[in-house]
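Colleague: So the sequence lines, in the order shown, correspond to chains A, B and C. Okay, so the first sequence: first residue is 1 according to this note's numbering, each after it adds one. Okay, so the second sequence: first residue is 96 according to this note's numbering, each after it adds one. Okay, so the third sequence: first residue is 575 according to this note's numbering, each after it adds one.
In short, the hints are calculated from the structure, not lab data. Heads up, a few of these hints could be off.
Claimed, not checked - Now the in silico label distances, taken between C-beta atoms and shown as ranges:
1. A/Q40 to C/D986: 44 to 54 Å
2. B/E193 to A/T68: 28 to 38 Å
3. C/G659 to A/S2: 38 to 48 Å
For each residue, glycine too, the CB sits at the ideal point set by N, CA and C.
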Amino acid sequence: MSLNKNQAQHIAMLARLKLSDDEYAESVEKLSKIIDFVDQLSAVDTTDIIPMAHPLAAAQRLRPDDVTEVDNRDHYQQNANEVVDGLYLVPKVLE
Amino acid sequence: MRADWEVVIGLEIHVQLATKSKIFSGSPTAYGADPNTQANLVDLGYPGVLPVLNKEVVRMAILFGLAVNATVARRSVFARKNYFYPDLPKGYQISQLELPIVESGEIHITGGDGIEKRIGITRAHLEEDAGKSIHEGFNASSGIDLNRAGTPLLEIVSEPDLRSAKDATTYMKKIHSIVHYLEISDGNMQEGSFRCDANVSVRPLGQKELGTRTELKNLNSFRYIEKAINIEVERQIDLIEDGRKVVQETRLYDSDKDETRSMRSKEEANDYRYFPDPDLLPVEISDEYIEIVRATMPELPDAKQARFIAEYELKSDDAAILTASRFLATFYEDIVKATDATAQVAANWVIGDLGGALNRDGLDIGDSKISSDELAGLLDKIHDNTISGKIAKQVFEAIWDGEGSADDIIESKGLKQITDGSAIELVVDKIVASNPTQVAEYKAGKDKLIGFFVGRVMQETKGQANPIQVNQILKDKLK
Amino acid sequence: MDIYHQTLAELCVGLEKGDFTSVELTQSLLDRVAVEDKRLNSFITITATEALAAAASADEARANGNTGALNGLPIVHKDIFCTKGVKTTCGSKMLDNFISPYSATVVKKIANAGAVVLGKCNMDEFAMGSSNETSFFGPVRNPWNLECTPGGSSGGSAASVAARLVPAATGTDTGGSIRQPAALTGTVGLKPTYGRVSRYGMIAFASSLDQAGMITRSVEDAARMLGVMAGFDKRDSTSINQAVPDYLASIGKSIKGLRIGIARQHFDEGLDERTRTKVKDAISVLESMGATTIEIDLPNINLSVPTYYVVAPAECSSNLSRFDGVRFGYRAENAEDLLDLYCRSRGEGFGDEVKRRIMTGAYVLSAGYYDAYYIKAQQVRQLIADDFKEAFFNVDLIVGPTTPSPAFKLGDKVDDPIQMYLNDIYTVGANLAGLPAMSIPCGFVNDMPVGLHLVGPHFGEEVLLRCGHQYQQETDWHMACPEAFK
Chain A
1 MSLNKNQAQH IAMLARLKLS DDEYAESVEK LSKIIDFVDQ LSAVDTTDII
51 PMAHPLAAAQ RLRPDDVTEV DNRDHYQQNA NEVVDGLYLV PKVLE
Chain B
96 MRADWEVVIG LEIHVQLATK SKIFSGSPTA YGADPNTQAN LVDLGYPGVL
146 PVLNKEVVRM AILFGLAVNA TVARRSVFAR KNYFYPDLPK GYQISQLELP
196 IVESGEIHIT GGDGIEKRIG ITRAHLEEDA GKSIHEGFNA SSGIDLNRAG
246 TPLLEIVSEP DLRSAKDATT YMKKIHSIVH YLEISDGNMQ EGSFRCDANV
296 SVRPLGQKEL GTRTELKNLN SFRYIEKAIN IEVERQIDLI EDGRKVVQET
346 RLYDSDKDET RSMRSKEEAN DYRYFPDPDL LPVEISDEYI EIVRATMPEL
396 PDAKQARFIA EYELKSDDAA ILTASRFLAT FYEDIVKATD ATAQVAANWV
446 IGDLGGALNR DGLDIGDSKI SSDELAGLLD KIHDNTISGK IAKQVFEAIW
496 DGEGSADDII ESKGLKQITD GSAIELVVDK IVASNPTQVA EYKAGKDKLI
546 GFFVGRVMQE TKGQANPIQV NQILKDKLK
Chain C
575 MDIYHQTLAE LCVGLEKGDF TSVELTQSLL DRVAVEDKRL NSFITITATE
625 ALAAAASADE ARANGNTGAL NGLPIVHKDI FCTKGVKTTC GSKMLDNFIS
675 PYSATVVKKI ANAGAVVLGK CNMDEFAMGS SNETSFFGPV RNPWNLECTP
725 GGSSGGSAAS VAARLVPAAT GTDTGGSIRQ PAALTGTVGL KPTYGRVSRY
775 GMIAFASSLD QAGMITRSVE DAARMLGVMA GFDKRDSTSI NQAVPDYLAS
825 IGKSIKGLRI GIARQHFDEG LDERTRTKVK DAISVLESMG ATTIEIDLPN
875 INLSVPTYYV VAPAECSSNL SRFDGVRFGY RAENAEDLLD LYCRSRGEGF
925 GDEVKRRIMT GAYVLSAGYY DAYYIKAQQV RQLIADDFKE AFFNVDLIVG
975 PTTPSPAFKL GDKVDDPIQM YLNDIYTVGA NLAGLPAMSI PCGFVNDMPV
1025 GLHLVGPHFG EEVLLRCGHQ YQQETDWHMA CPEAFK
């Protein structure tokens, strides 16, 4: 088992996922299998190989600095559960 | 500052770039719009949307890099900084980590100890701003406004080269002046266009290794920065002298209580899981483009100050004041070009009278109630003896108060200088006749009394007599 | 021939000749979907009203002489493409109530070409799965055997095309999600070159691997669809500004002299024996048509699955952070505080496989593991891409099996993620390297279809389509219809 429950809980917290105890047990087992599986990469010699972040070797295209969007707030907020005075509501954010 | 401690400060300055549209979307960036009316699909992080980089943002970053003598990266990469927060709609901020667009720059400041020093700029990188949380007025909830989300930011990170709160504000003012000169930011601190975090630590004088640092967040005025740093330094020294330890943490300055306090201590250490943003390709900048940008570089504060000293023979302090803002420097130079008065006279007026009036009324140079042309005209009136310097101050105030042009005011108030010798002679005779004791003393060798006579003549003529003529005529009469 | 058996090309002729109108065609397919999809579960949303309106406009446009490449032709979209005013779920409870306020570029292009969209297809949740069993809306069934999976993640698209509910469907492919279901359902599935089709409005799974494509019954129809879907999009930074060739014009050319690469690694022990025979037979057909085969070596290709299962989860863990219950999507009720809102909205809104991948991704990117997993995988990814590059110096395309075996039974691999992931062993390489690849039917094993996999160099779609189309001129595997849907 390459992963323990504490690690699984830490990752779940990083990813903001609430899991039940049963889910944790299953996660630990399956994630361990996955991690063991991908661990085979560690045996590959990758000395001096540049990590490949994109499948095509292209450069970023730049957009002219033009305002192209108009206010569409009411439309966009139809998918939100709680909106007051145009603001999205969340439980109080503590500084 | 306590003598046996050394303070070490590094600043992270967040400058909002003055683009029309956001860094990765075509939404407007204007300040103060109704909540979420400038937050469109990309800014809201809607499923399926993608970022496209604003060209102007790249130009501005290059311009800044060149201005601080830095290396502009021919290839820079955007990365995602992952964390959850309501003002961060995608759950990650697009920023730059390993390959920032600007690296290894420097500026020079006159430090708190009066010595000029080099302050290294580690890097300046591009990123998107977050939205805002509004805590009041929603009971147990906070309201989220994402208008600011996606506004372009240039984060300028200094080396830990600053040694006092005074150093820090001087450095920050200089950066402020540079971005203003470059016209890449409005630098408005009230609106959050120019914000600063400070990394502060202390160590016993002579110790090599750095002490544990704390990060002071969101210092939004030059005054608060200085106060916050000084308070934090005291706090850290007290802790260490008490045998306790400084904890590495983020602290917030509370200007009401004038103290710094720890921000919520997070249960988990920050683990931002940075990785290259797969939605954006590497930004490649050609040598040719850098040269095109370089060709548009305006004269910067240091160069302008040196030129003012050389060309206008100004005192260094005066030149520094006049070049602190690009607009003020231009205002001053416009006067110098238009007037026959000397550059130093013009400087005295701009710094003294104009500066005083702006200060008194709480105005910026851009809001001056007297134009450079008007002020130049006023200085000409002194220069050609139409009015005296003293009368000119009255005229200045009248123009400031909107009473009309210099000519109109001089005419309507009858302030024109008396240069008619015979008219002055009449007054001089009268003063000499009515002060026999002083005349006798003067003639007995008390030369300083000439000032007394001049004063009386000026009083009698309401200041309108030409002081040089008055002097000459008095000396003749009192021989 | 019943109208639903016809391909896009055939329907196009019928519409042109006035044998039927688009409204008649649309109504007849909607009727068929209403009845037959009960057995398949391939649709999440049926947009009958919008479809009939679009069909009426298409008929009117045809009467006025303006006809787009897909004018009046019925298609379906995988429910990963944002469609304005229509529910777009991505197969997830998280987006069960999500009405997209905008349309994906692909959706717009297809609409502009005059197509009639019958609805949105079922899929693995957020495209994460190889069997369609991770969908919140239940698994899709394989028309060839209702106890089997149609594959995934574009399982609804593949099943609906295979069952003759619709002649063509859009799909997306991150590790094989178009080609694997195409292989398992006896349809044609094309994943174009990364950057060929815009990703704007396609809900992201793994941004550096995702690519939109299509599932059709003939290669000719795939060429027609690609001509509409491909092209530069200024809203997608990874979209490539390169002219779109006339794909239909080039498919008719002979494949004489075509150099076909055969990689030893594609025929290793993991491959089902009878599938191997079918693939070898297909290669013989291509040789008989004048193609030459050349042995090539892809030494690192066996590392492609572990590489993929680092890169894709890493990107997905970040891409799916936007689903937090605040601006759209599922929101947990009665949250105690902000953390509770986040953790429960996401914990309750995402299914098991999605949560597992998010956690895998968070793990491989987390402090202390980033270099060992993420950077390492990106380096191996480079090695794999280099192998392909090297191979394409000598060959025009690479041919092999699409999947190790035909469709498996629903439930067979649910409990073993690694066995499930190994379904992608022959397909993920093309995603890692950004190459175009296609699966076409090449026979049956135990009455279940087998797919032939063709991989081309960057922007080599023409050669894939030509080879596939020519093969379909010689064979009729693609004409076969599942007995239960005749």
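Colleague: Could you check the structure against the hints above and give me the numbers of any it violates, in ascending order?
Modeller: 1
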